[in-house]
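Enquirer: Please model the entire structure based on the sequences and the hints provided.
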Amino acid sequence: MKKLKGAAKRILGGLQNRLSKLARFGQSKHEAKQAARAAYLKEHGNLDGYNPAKVDGIFSIGTMETYRAAMQPFAEWCSAHNVKNAGQITEAHAAAYLREREGAGLSPWTVSRDLSAINKAMGFSLSKGEVGLRQRKKSEITRSREETANDRRRFSKYQEQITVARACGCRRASVTRITPNDCVRNSRGQVVGIRLVEKGGKERIAPVLNEYKDRVTSIVDKAQEATKPLFRAYDSHIDNHRFRAEYCAALLRQLEQEQAQGKPWFGGDLSPQNYIHLSGRDKHCGDTYRGHPTQVIAAVSGAMGHNRLEIVFSHYNYTE
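In short: position in the sequence shown from 1, add 29, done, that's our numbering.
It is possible that some hints are incorrect.
As the list claims (entries may be wrong) - Quick list of simulated restraints, FRET-style, between CB atoms:
1) D85 with H270: 34 to 40 Å
2) Q63 with S185: 39 to 45 Å
3) K312 with A109: 45 to 51 Å
4) G218 with K257: 38 to 44 Å
5) R47 with N303: 35 to 41 Å
6) S185 with H59: 33 to 39 Å
7) T119 with R163: 19 to 25 Å
Honestly, the hints are just simulated from the structure, not real lab data.
We put the CB at the ideal spot given by N, CA and C, even for glycine.
Expert: As structure tokens, then:
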């Protein structure tokens, strides 16, 4: 990264300082959201206009690094447009910069990242619609959709890690954190769920797919210590997001089959009500959603660590 001079350097320093003040590493994003919701309700008396996705602070080191990386080109652009310091940056500056980035052919992911980073650093609440950016189409999302050279690698050293990831749909960071104590067993001793703490400190028991219960149990039973992670390493080239997508599709099929056959969901080992959390517009969508039982889609979303029906299809269920 090249060194900046003059106004660009001053602007970058101001932006980085603003981001640094937002660091909340080690704190729970979920608890912060709950507190923000309670404060908004107390101030306004209702939740009209409340944005449940917005919360002060940056809770992930990875997110902080991503946002910091987005600041240098923005600082250079601002300097070239007669901005002297970060305090002079307006929403109009941000909107013009983002439209220019999109017009230059940068990927939708990059422009969305820039929008989020600038909003966080400057305290703006700009949306794609307000800025005039194109809405990202599902067809433009390529992450994990197409086979790559890495997908054809065997990763033989990591087959047990891959088995666990496919079995419970955990995120990449969780693979090397799971301990035997995190594994929930049924009365027969099978591992049927795995306790995960992901995305801002939210905790959930990720259901293990019925077809994987015996395999995961065998892996966990080999562990020597109950409090130490099952795995020490996980290759960064492994497409873990695709495993989440495959898990999403497999769990959807499993639950629909169990419902059609009159069998208890999750093999009878976990309560569906722990995963069904309909809110907002989702409460009013009726018995079916996109041709599937609404309650099933809600349970799949909850198992994935989300609480929205739409995300099952827009983010994960593309492997069918």
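Enquirer: Against each hint, give a clear statement of whether it holds in the structure.
Expert: A quick look at each hint next to the structure:
no.: 1; hint: D85 with H270: 34 to 40 Å; in the structure: violated (28 Å)
no.: 2; hint: Q63 with S185: 39 to 45 Å; in the structure: holds (44 Å)
no.: 3; hint: K312 with A109: 45 to 51 Å; in the structure: holds (48 Å)
no.: 4; hint: G218 with K257: 38 to 44 Å; in the structure: violated (20 Å)
no.: 5; hint: R47 with N303: 35 to 41 Å; in the structure: holds (39 Å)
no.: 6; hint: S185 with H59: 33 to 39 Å; in the structure: holds (37 Å)
no.: 7; hint: T119 with R163: 19 to 25 Å; in the structure: holds (23 Å)
In terms of the numbered hints stated before, the structure departs from hints 1 and 4, listed from lowest to highest.
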